[in-house]
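Number of protein chains: 2
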Amino acid sequence: MENDSLAIGIDFGGTTIKSAVVSGAEIVHRGTTIDTQSRGASQLIAALVGEILSLKGQFPAVAAAGIGLPGIVDSVNGIVRQLTNVKGWTETPLRDLLKEKTGLRVHIDNDAKAMTYGEWKFGAGRDFTNVVCLTLGTGVGGGLILDGRLYRGSGLGAGEIGQMSIDRNGVPGNYGNLGALEKYVGNAQITERARRRYAAAGRVLPDASPAALAAAAREGEPVALELWEEIGTEIGVACANVVWLLNPDCVILGGGVANAGELLFTTIRRVIGERTMHVFHERLEVLAAKLGTDAGMIGCAALALRPPE
Amino acid sequence: MENDSLAIGIDFGGTTIKSAVVSGAEIVHRGTTIDTQSRGASQLIAALVGEILSLKGQFPAVAAAGIGLPGIVDSVNGIVRQLTNVKGWTETPLRDLLKEKTGLRVHIDNDAKAMTYGEWKFGAGRDFTNVVCLTLGTGVGGGLILDGRLYRGSGLGAGEIGQMSIDRNGVPGNYGNLGALEKYVGNAQITERARRRYAAAGRVLPDASPAALAAAAREGEPVALELWEEIGTEIGVACANVVWLLNPDCVILGGGVANAGELLFTTIRRVIGERTMHVFHERLEVLAAKLGTDAGMIGCAALALRPPE
Chain A
1 MENDSLAIGI
11 DFGGTTIKSA
21 VVSGAEIVHR
31 GTTIDTQSRG
41 ASQLIAALVG
51 EILSLKGQFP
61 AVAAAGIGLP
71 GIVDSVNGIV
81 RQLTNVKGWT
91 ETPLRDLLKE
101 KTGLRVHIDN
111 DAKAMTYGEW
121 KFGAGRDFTN
131 VVCLTLGTGV
141 GGGLILDGRL
151 YRGSGLGAGE
161 IGQMSIDRNG
171 VPGNYGNLGA
181 LEKYVGNAQI
191 TERARRRYAA
201 AGRVLPDASP
211 AALAAAAREG
221 EPVALELWEE
231 IGTEIGVACA
241 NVVWLLNPDC
251 VILGGGVANA
261 GELLFTTIRR
271 VIGERTMHVF
281 HERLEVLAAK
291 LGTDAGMIGC
301 AALALRPPE
Chain B
1 MENDSLAIGI
11 DFGGTTIKSA
21 VVSGAEIVHR
31 GTTIDTQSRG
41 ASQLIAALVG
51 EILSLKGQFP
61 AVAAAGIGLP
71 GIVDSVNGIV
81 RQLTNVKGWT
91 ETPLRDLLKE
101 KTGLRVHIDN
111 DAKAMTYGEW
121 KFGAGRDFTN
131 VVCLTLGTGV
141 GGGLILDGRL
151 YRGSGLGAGE
161 IGQMSIDRNG
171 VPGNYGNLGA
181 LEKYVGNAQI
191 TERARRRYAA
201 AGRVLPDASP
211 AALAAAAREG
221 EPVALELWEE
231 IGTEIGVACA
241 NVVWLLNPDC
251 VILGGGVANA
261 GELLFTTIRR
271 VIGERTMHVF
281 HERLEVLAAK
291 LGTDAGMIGC
301 AALALRPPE
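Chains as they are written, first to last, in this note's numbering: chain A, 1 to 309; chain B, 1 to 309.
It is possible that some hints are incorrect.
[Claimed, not checked] Below 20 Å or equal to it, Euclidean Cα-Cα: the simulated SDA-like pairs (lysine to any residue) are:
id	chain 1	residue 1	chain 2	residue 2
1	B	Lys101	B	Gly24
2	B	Lys56	B	Lys87
3	A	Lys87	B	Val279
4	B	Lys101	B	Gly31
5	B	Lys56	B	Ile34
6	A	Lys99	A	Ser42
7	A	Lys87	B	Lys18
8	A	Lys18	A	Thr36
9	A	Lys18	A	Thr84
10	B	Lys87	A	Val279
11	B	Lys87	A	Ser75
12	A	Lys290	A	Thr266
[Stated by the list, open to error] In silico contact screen, one side only, chain A against chain B (beta carbon under 7 Å); selected entries:
id	residue
13	Ile34
14	Leu146
15	Gly153
16	Ala158
17	Glu160
18	Ile166
19	Leu246
20	Asp249
21	Thr267
[Said to hold, decoys possible] Some, not all, of what chain A presents toward chain B, calculated at C-beta under 7 Å:
id	residue
22	Thr32
23	Gly50
24	Leu53
25	Gln163
26	Met164
27	Arg275
28	Met277
29	Val279
30	Phe280
No lab work stands behind these hints: they were computed from the structure.
As the structure is a prediction and not an experimental result, all values here were calculated from the model.
Just so you know, even glycine gets a beta-carbon here, dropped at the ideal spot from N, CA and C.
Using the sequences and the hints, build the whole thing.
Pasting the structure below:
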């Protein structure tokens, strides 16, 4: 039933809100993109309602809508507890607000969990039982599939790999967590590190984005290569910790920074191998996410169609 | 059914093998203790068979036997893959060997997982859904109950909290894992650190065991107090990492080192609170194991009586 039904998947990002009508892993139709930052919460909710009703009007077979949001989401009670980088969303009962105005079944979830579910159901994580998913972007998020189910934890917050420490006396994270991974390998941190390193080498970098640094490294630029080696090691150390704890069969890396591809993956695989016991890495796959930026919408749509637990 | 039936629980330690007839959380009768190191694998297996048959003879209602072992145990196929600190056990099909000679249902498992299951079923972890268990002894082991089930991971090795790194450039663990927690807070490491620290203060310590150091700290001895504060911080940092990843409702600490009690627990709770987001620690309980050294036997007996999954 899940694969045959149509649902709306909405990816509520810090910059834009994207929506689509989804069938299984297929994007049937893309909706209008909404600007996140120019509106307050109530206006955004009105815009979401408008978009859902418009898509439902065009695709009357749509059975449900799923929304993934960046922050703490109580998916069981349908409440947005707090958003990261979007103001005015605190304890917002978004699910019921949308349900009432659209007449659809609605599911809301954390965006990294939605992406994890999408990758497991239809992407790189298919056929695996224990999947650890990392999203490497502005921040570093994550999600877990354990024993073939999306694992949420007691406060529904599980999977925050980016907040885990790789150095107990390291750079402070946002929550007192010294050495938090995302303070090393977040987008802005990578750019900042590159700028400093090039400056030290007496060079100015016109574009120090992760994408530009990946391009430079692929052309053999030594400073960029060294930086990716470091970033891969840092992510690898965090992954090794997760591997010791959860002994997964698959680690999936997605998000913009993961587009560095083998520059990153080769090092991550090597570091996990160097820092864990054989039985923990012998059959472990470290894979790139497959659904790209659509993973959130696809995952949310699938979660919305899932029968209640 | 589980609580009413009798089973034999066996705790196969690096020094001694203890056995008992168990009913639920109750030790009905203790068996003979077997010395682990003086015999090879086949002699130990013969001794185990003798002990099981003797207990079965005294308690004919015994329905099953469970054995917890220190190392990599394939509990699904009943094979001891490798033991820690006990030689001659590699790929040993212990379950079927014992089954054949005793006529009982037999379950074999990793000792930390057996202890985790015991504490969750009958000890400090009752009424919790997501439980992280640490055993602080010669080594640091662990086990996980997730969504109300014992979580094993894809290679059946999950829960190795003692191998997780608290410092990516720290002290080498046994598997290339720099900064492995157990290389800071294992029994021998605590003693070694205390010796060094007292020597630096121009003092000789007659007994630098964790128990003696806990007694000294309770009497207000400043060097010992400082050491426990450090140890608590190190364990707290590792726990905070696990809490970010799994968002459990309960962390249980057992094993000899945990007998330091509030000297350790107060610091661990504080460090988790300081290094995680509110929603991750607001309802988290950090508790002492309740079943003491019987947890392994009790957990194994319960696992042996469990209907097949």
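The hints, checked one at a time:
1. B:Lys101 / B:Gly24: violated (25 Å)
2. B:Lys56 / B:Lys87: With a Cα-Cα distance of about 28 Å, the restraint between Lys56 of chain B and Lys87 of chain B is violated, given a limit of 20 Å.
3. A:Lys87 / B:Val279: Roughly 19 Å separates the two Cα atoms, so the pair holds.
4. B:Lys101 / B:Gly31: holds (18 Å)
5. B:Lys56 / B:Ile34: holds (17 Å)
6. A:Lys99 / A:Ser42: Status holds; Cα separation ~15 Å.
7. A:Lys87 / B:Lys18: Outside the cut-off at roughly 59 Å; violated.
8. A:Lys18 / A:Thr36: holds (10 Å)
9. A:Lys18 / A:Thr84: holds (17 Å)
10. B:Lys87 / A:Val279: Distance ~19 Å between Lys87 of chain B and Val279 of chain A Cα, so the pair holds.
11. B:Lys87 / A:Ser75: violated (50 Å)
12. A:Lys290 / A:Thr266: Distance of about 17 Å is within 20 Å: holds.
13. Ile34: Violated, about 28 Å.
14. Leu146: The hint holds - Leu146 of chain A has a Cβ within 7 Å of chain B, the shortest such distance being about 6 Å.
15. Gly153: Because about 3 Å separates Gly153 of chain A from the closest Cβ in chain B, which is inside the 7 Å limit, the hint holds.
16. Ala158: holds (4 Å)
17. Glu160: holds (4 Å)
18. Ile166: holds (5 Å)
19. Leu246: holds (5 Å)
20. Asp249: Asp249 of chain A check passes; min Cβ-Cβ to chain B is 4 Å, inside 7 Å.
21. Thr267: Because about 13 Å separates Thr267 of chain A from the closest Cβ in chain B, which is outside the 7 Å limit, the hint is violated.
22. Thr32: violated (33 Å)
23. Gly50: At 32 Å from the nearest chain B Cβ, Gly50 of chain A fails the 7 Å test, so the hint is violated.
24. Leu53: violated (33 Å)
25. Gln163: holds (5 Å)
26. Met164: With Cβ-Cβ at 5 Å, under 7 Å, it holds.
27. Arg275: This interface hint holds because 5 Å falls under the 7 Å limit.
28. Met277: holds (5 Å)
29. Val279: Holds: closest Cβ of chain B sits about 5 Å from Val279 of chain A, inside 7 Å.
30. Phe280: holds (6 Å)
The structure shown violates the earlier hints numbered 1, 2, 7, 11, 13, 21, 22, 23, 24.
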